[in-house]
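Protein chains: 2
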Amino acid sequence: MATIKDVAKLANVAPSTVSRVIANNPRISDKTKVRVREAMGELGYHPNFIARSLANKSTEAIGLVIPSSADKAFQNPFFPEIIRGISKGVHQKHYSLQMSTGETEDEIFEGVMQMVEGKRVDGIILLYSRVDDKLTGYLKRKKFPFVIVGKPFKDIEEITHVDNDNYRAAKEVTEHLIYLGHEQIAFVGGNLNFVVTIDRLLGYEKAIRNANLVYRDEYIVHEEFLKEGGQEAVKELFSLKEPPTALVVADDLMALGVLNMLDTMGINVPNDVSVVSFNNVMLSEVSRPPLTTVDINIFQLGYEAAKNMIQIIEEPLEPMKRIIVPYRIVERQSCIEYVKEHLQSV
Amino acid sequence: MATIKDVAKLANVAPSTVSRVIANNPRISDKTKVRVREAMGELGYHPNFIARSLANKSTEAIGLVIPSSADKAFQNPFFPEIIRGISKGVHQKHYSLQMSTGETEDEIFEGVMQMVEGKRVDGIILLYSRVDDKLTGYLKRKKFPFVIVGKPFKDIEEITHVDNDNYRAAKEVTEHLIYLGHEQIAFVGGNLNFVVTIDRLLGYEKAIRNANLVYRDEYIVHEEFLKEGGQEAVKELFSLKEPPTALVVADDLMALGVLNMLDTMGINVPNDVSVVSFNNVMLSEVSRPPLTTVDINIFQLGYEAAKNMIQIIEEPLEPMKRIIVPYRIVERQSCIEYVKEHLQSV
DNA sequence: TTGTAAGCGTTATCAC
DNA sequence: GTGATAACGCTTACAA
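Taken in order, these protein sequences are the chains called A and B. Quick note: the first sequence uses UniProt numbering, first residue 1, plus one each step. Quick note: the second sequence uses UniProt numbering, first residue 1, plus one each step.
Heads up, incomplete: computed chain A residues facing chain B, CB under 7 Å, no partners named:
#1 S87
#2 Q98
#3 D263
#4 V286
Since the hints were made in silico from the structure, they are not lab data. For every residue, glycine included, the Cβ atom is placed at its ideal position computed from N, Cα and C.
Take these sequences, add in the hints, and give me the full structure.
Okay, structure coming up:
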């Protein structure tokens, strides 16, 4: 493989000159630039990134931390989509992307340490935000550049993050249900350790309280993911004396599970119960019925995360930032007006 | 940040000794090992991976190439799942994972070149196999270590790859339909540029011919992805004078689209038409009806790819390998026996 | 068993 | 404008 020295020799210049040509340094005459570039072409030269990184103390790589791959949550189309966004932002600036997952929390932590201590990356994007997360604390202590997708659990004023206004979205969506005449609205959320769950729950609660509806604990269920989660939630909810007539579900995939279970129980959506969920993942269009859901702009979430991560790396003095990506309620066919004396279908 | 020299100083040894301790070189006395390790602990020393890579000419990183992120295919849960498998294999050997996507083919190619020429990775895993793929040719020419998930289009004897026996799986699944009494069986595939589509189509064809059924061109549709794809396919197929009574669909997600469209057309699955698909992605359990599908062991596909990639890197003399991951037909509720004079429901 | 010193391929700091 | 030369932090002959 050709090195910078070979090029220098062939072009009859010093290695440092070649380096300057690579960096397109303006103090090099056009003549030699051309000469050097020719030499590079002739030798099929490509700069060695590793060597450059060492000299530079910059890897132009950013690390991506994905939540524990053990659970099925990982199969959520949310991830490919946000990775797409991140990927775009990262490529635009010619950075590369380094992934890290693990089955347990400790494995993940281990992976991140490797990246940070080994100086394999210049910054880290966290794809989730959990209550009392070890990682966040670690990165803050190390003063290592990072951004969170989602809302930090604490130190919210010090950590750059990109998020939706989940509180407001949940509130709005619940209000929509209320507006449709529903008074018995349940909330089906994911793990309460995720900040996003909390926000959405809080928004839901606010809407309920504002409308002077009773906030009932038995209408709040937190379940693991999808299949089992959706099933359990639905079973619980619909064995109550007063089952809900509408459901706010914190995730499309969970909603799919819910829809499925409702169907096998012979409960019709939207005639018997309305369902609204979050994310507007591609699948929500194709479910039966198609889901009314809030589009949180996953792609943009990722794109912004990447852009801001790189900005922090390149301009370390920049203040912390909070980027709020807009959401949009997509009405499809899983919600309808609640009619007091409606007939149970079938 | 502490370097190897700082540790050496503190432990009163030469830097090379520290290096040997890191590598756990047996020729270092236990005494000094202990002393050095203490020094490392005291200073919070962690080896710098970049420096090591430069000296070593090995990055212990492997690059992952994901198909064009532009189309929705990318949102297929197939990817998170295979990444999980790869991730596991890669972590086991303490390698890291570098992702590369792009919106166009050229962008992807560009990204791979960066990885290869810049020596950012030691090997590359291709997550798809396409007819006449530029990348494959490039990597072969460069003699850069790589493995393909799927079946190479050419040079199949020279390229290490991990795949299912898609031909046989498709054949078997079609035979199953035939066994159930179906004689009008259509094939809904993805892009014919993907080798996997070809294999599955060929298996289907073989089964049809073996059974002396007529192989009709109008029963073969290749469509883009999911929503539109599924819709188009179904529309076409069911406007024929003799619409099929069973469908072999090359992907679960596509099958979801198909199910959806069938539903809006008032065609019942499985009563009016049976559907079988591929991949056994988590969603296939939750569709209405749950899909009969072939489980291709996505996770293992990824895991094997990673393991073999690393083996090739570490033992470059190893011969090429073909790893065939077993599949398994998962029967759920989308297929039933075909009854000649059955009544169209509704 | 350990130390010395060269080298990995760049960039950066001085000179000129 | 361009050239020497010293980093960058580690590994690895070769010596001792």
